[in-house]
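*Asks:* Count the sequence shown with our numbering and you get residues 25 to 230, in order.
Just so you know, the hints here were simulated from the structure itself, not pulled from any lab data.
For each residue, glycine too, the CB sits at the ideal point set by N, CA and C.
Honestly, I wouldn't trust all of these hints.
[Unchecked claim] Below, a list of computed lysine-lysine pairs in the DSS-like style, where the Cα atoms sit at most 27 angstroms apart:
1. Lys203 <-> Lys230
2. Lys166 <-> Lys140
3. Lys203 <-> Lys179
4. Lys179 <-> Lys140
5. Lys230 <-> Lys177
6. Lys152 <-> Lys166
7. Lys219 <-> Lys166
8. Lys177 <-> Lys219
[Said to hold, decoys possible] Pair by pair, the computed Cβ-Cβ distance ranges are:
9. Asn224 <-> Thr156: 23 to 33 angstroms
10. Ile141 <-> His226: 29 to 39 angstroms
11. Met170 <-> Glu145: 13 to 23 angstroms
12. Lys140 <-> Lys203: 40 to 50 angstroms
13. Lys177 <-> Ser148: 35 to 45 angstroms
14. Gln182 <-> Gly126: 11 to 21 angstroms
15. Ala208 <-> Lys152: 40 to 50 angstroms
16. Glu143 <-> Lys179: 15 to 25 angstroms
17. Lys179 <-> Asp128: 39 to 49 angstroms
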Amino acid sequence: MNMKVIKKNQVIIFAIALMLMAAGYLSYDARNKESLVSANIVEENKIAGIGDAKLVSSNNVVMENTQANVLSGENITNQMTQETGQVSSNAEDNYFSTSRLGRDTMYSQMIESYQKILENESISQEQKTIATQEINNINTTKNAIMIAENLIKTKGFQDVVIFVNGQSISVILQGDELKQEEIAQVQNIVAREMKAEIENIHISNK
25 MNMKVIKKNQ
35 VIIFAIALML
45 MAAGYLSYDA
55 RNKESLVSAN
65 IVEENKIAGI
75 GDAKLVSSNN
85 VVMENTQANV
95 LSGENITNQM
105 TQETGQVSSN
115 AEDNYFSTSR
125 LGRDTMYSQM
135 IESYQKILEN
145 ESISQEQKTI
155 ATQEINNINT
165 TKNAIMIAEN
175 LIKTKGFQDV
185 VIFVNGQSIS
195 VILQGDELKQ
205 EEIAQVQNIV
215 AREMKAEIEN
225 IHISNK
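Could you put together the complete structure from these sequences and hints?
*Replies:* Quick look at the structure:
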């Protein structure tokens with residue numbers, strides 16, 4: 025009877041000990057889990073903080089690069105505007121210089137052709153006389169054009185080029201819209217120096 029009581033008591037004590045051990049383990053495990061969770065939260069916050077810092081840093085770089093690109097784009101636009109203005113101005117200047125060069129080259133080639141006629145022994149004297157007259161006419165026209173263009177420039181025009189086609193004379197002026205008094209001045213100069221009729225003088229601007 026006593027042995028049975030002792031065994032029962034031992035079983036109860038052992039069971040209580042097991043319960044206490046289990047409770048202690050569960051408490052320890054819960055604390056460890058809380059520590060791990062806290063540690064994980066701290067690490068996640070650190071990582072998130074690093075990510076935010078990287079993101080802010082990247083945004084700053086992107087914004088700085090964007091601003092730099094905008095400034096660079098403005099500079100390029102300004103440069104292109106300036107260059108466009110220069111190209112436009114140069115194109116007008118080139119038009120007049122190129123037109124004069126082409127015109128004078130044509131006259132030189134015509135004179136050269138007539139000179140070859142004069143040097144050709146198989147050509148009749150009558151034809152040579154005509155060739156000589158044509159050379160004189162070309163030189164007279166060239167001189168009259170040169171004088172008229174120089175006089176027109178003295179009236180304040182930036183540039184001018186004159187073309188002669190038979191009785192018709194074309195005068196192209198560099199500048200804005202022409203006033204009536206300016207047209208009259210140019211017509212008088214051309215008519216006087218080139219012995220032309222007013223109705224045959226055609227004036228335009230470029």
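*Asks:* The structure should be examined with respect to each hint, and the outcome stated for every one.
*Replies:* Evaluated hints:
1. Lys203 <-> Lys230: 14 angstroms, holds
2. Lys166 <-> Lys140: At roughly 20 angstroms apart (the allowed maximum being 27 angstroms), Lys140 and Lys166 satisfy the hint.
3. Lys203 <-> Lys179: 13 angstroms, holds
4. Lys179 <-> Lys140: Distance ~40 angstroms between Lys179 and Lys140 Cα, so the pair is violated.
5. Lys230 <-> Lys177: 15 angstroms, holds
6. Lys152 <-> Lys166: Holds, at about 21 angstroms.
7. Lys219 <-> Lys166: 13 angstroms, holds
8. Lys177 <-> Lys219: Holds. Lys177 to Lys219 sits at ~19 angstroms (cutoff 27 angstroms).
9. Asn224 <-> Thr156: 23 to 33 angstroms: 26 angstroms, holds
10. Ile141 <-> His226: 29 to 39 angstroms: 32 angstroms, holds
11. Met170 <-> Glu145: 13 to 23 angstroms: 34 angstroms, violated
12. Lys140 <-> Lys203: 40 to 50 angstroms: 47 angstroms, holds
13. Lys177 <-> Ser148: 35 to 45 angstroms: 44 angstroms, holds
14. Gln182 <-> Gly126: 11 to 21 angstroms: At 19 angstroms between Cβs, range holds.
15. Ala208 <-> Lys152: 40 to 50 angstroms: At roughly 43 angstroms between Cβ atoms, Lys152 and Ala208 fall inside 40 to 50 angstroms, so the hint holds.
16. Glu143 <-> Lys179: 15 to 25 angstroms: 43 angstroms, violated
17. Lys179 <-> Asp128: 39 to 49 angstroms: Once the Cβ atoms are compared, 22 angstroms apart, the range 39 to 49 angstroms for Asp128 and Lys179 is violated.
Hint violations for this structure: numbers 4, 11, 16 and 17, all remaining hints satisfied.
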